[in-house]
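Protein chains in written order, with the numbering used here: chain G, 244 to 389; chain C, 17 to 181.
Everything labelled a hint here was simulated from the structure, so no lab data went into it. Treat the hints with care, since some could be wrong.
Which chain G residues face chain C? A few, computed with CB under 7 Å, are given here [said to hold, decoys possible]:
no.: 1; residue: I274
no.: 2; residue: G277
no.: 3; residue: L278
no.: 4; residue: V293
no.: 5; residue: G294
no.: 6; residue: L356
no.: 7; residue: E358
no.: 8; residue: I361
no.: 9; residue: A362
Nothing here was measured: the structure is a model prediction, and the numbers come from that model. C-beta atoms are modelled at their ideal positions from N, C-alpha and C, and glycine is treated no differently.
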Amino acid sequence: MIGNGLYLVLSADPGVTAQLGTSRADGTNGIFPGLAPDQPSVPYVVYEKVGAEAIISMQGANKTQYVRMRYKCYGAAYGDADQLMWAIKYVLNGFVGPLGDSDNTYVQSCFMLHEDDIAPEDLLHGTLYGTVIDFEIVFVDNKVGV
Amino acid sequence: MPQSIVTVRIDGLDKLQDMLERQPLKNAKNTIRTALTVASKIMEDGMIKEAPVYTGNDPRIPPGFLAEHINTHISVRNNLSGSATIGPQARIDYPLAPTSKKAKLRKKGSKVAGRIAVLTVARFLEYGTSKMKANPFITRSWETYKNACLVAIVNTLQQLVPKGF
Numbered sequence: 244m245i246g247n248g249l250y251l252v253l254s255a256d257p258g259v260t261a262q263l264g265t266s267r268a269d270g271t272n273g274i275f276p277g278l279a280p281d282q283p284s285v286p287y288v289v290y291e292k293v294g295a296e297a298i299i300s301m302q303g304a305n306k307t308q309y310v311r312m313r314y315k316c317y318g319a320a321y322g323d324a325d326q327l328m329w330a331i332k333y334v335l336n337g338f339v340g341p342l343g344d345s346d347n348t349y350v351q352s353c354f355m356l357h358e359d360d361i362a363p364e365d366l367l368h369g370t371l372y373g374t375v376i377d378f379e380i381v382f383v384d385n386k387v388g389v
Numbered sequence: 017m018p019q020s021i022v023t024v025r026i027d028g029l030d031k032l033q034d035m036l037e038r039q040p041l042k043n044a045k046n047t048i049r050t051a052l053t054v055a056s057k058i059m060e061d062g063m064i065k066e067a068p069v070y071t072g073n074d075p076r077i078p079p080g081f082l083a084e085h086i087n088t089h090i091s092v093r094n095n096l097s098g099s100a101t102i103g104p105q106a107r108i109d110y111p112l113a114p115t116s117k118k119a120k121l122r123k124k125g126s127k128v129a130g131r132i133a134v135l136t137v138a139r140f141l142e143y144g145t146s147k148m149k150a151n152p153f154i155t156r157s158w159e160t161y162k163n164a165c166l167v168a169i170v171n172t173l174q175q176l177v178p179k180g181f
């Protein structure tokens, strides 16, 4: 699966783990799908799939697929969120290769599509700053089709 | 290991630019504006369809308020480049309920704490919050309707750009 494969790539990258920290108080690696758990340690990143498209083939369902992934980076300071976003950008922008997941997903191209800031959120224990980065990814899913 | 190479070739853009530049500037700008209007209508309608509708009981939040305040701004410049900005309106706030204390105390022209803009609500929905999962309706609309918009632009330009140059 593309989401899980990219998760493996990010969690193994020293630049990303340096930003997230290796011994976090919440006991996680700081990379969450969809929604972060309650009271996570900062900084952390939430990823989600925000678009997908089938590449039409006359022979049936195509192994080559397109997906748009979004990474939302949060920190106690804007700089923390921004540095985490850059660490992810350094890894994924231009990435080509296998993801090392159980489906042996192979990324053919991965490019940054969009960057933005998330409105700061005032929480009980402080302000949460966020940045967001989207990637468009063409990949080969070896479990489907032709 | 998959090594297929996809080649994308786009022909005729220089010819199209040449055709547009041979027209009077006003006509060329109108052509581009029409193409952008047709395409942006598709995207705007899609965004309205995708916009979440409030289903709770708070009377201060009219259901469908977000979808009602999505609009398009089209700009065409003299160098024949154009853009369409489609999305929630920046300067519209959610109304306060007439019975609320804040609404009664509001003086003419004063800002009321607690007011929230449609654009802010849209950002919270698009990116989520620490407590709420994102509902990226703007990105979803773009991904769903971008190809239809491109086709609409191409078709409109084919109809409007004079042949024979």
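Cross-check of the supplied hints:
Annotation: interface hint on G/I274 violated; nearest CB of chain C at approximately 16 Å, more than 7 Å. Interface restraint check for G/G277: the shortest CB-CB distance to chain C comes to about 6 Å, inside 7 Å, so the restraint holds. Interface restraint check for G/L278: the shortest CB-CB distance to chain C comes to about 5 Å, inside 7 Å, so the restraint holds. Because the closest C-beta pair between G/V293 and chain C is about 5 Å apart, less than 7 Å, the hint holds.
Hint status for G/G294 relative to chain C: holds, with the closest Cβ pair at about 3 Å, below 7 Å. For G/L356, the suggested interface contact is broken, since its CB lies about 10 Å from the closest CB of chain C, more than 7 Å. At a threshold of 7 Å, the smallest CB-CB gap from G/E358 to chain C is about 12 Å, leaving the interface hint violated. A hinted interface residue such as G/I361 counts as satisfied when its beta carbon comes closer than 7 Å to some beta carbon of chain C; here the least separation is about 5 Å, so the hint holds.
Checking G/A362 against chain C: minimum C-beta separation of about 5 Å stays under 7 Å; hint holds.
Taken one by one, the earlier hints fail for this structure at numbers 1, 6 and 7, listed in ascending order.
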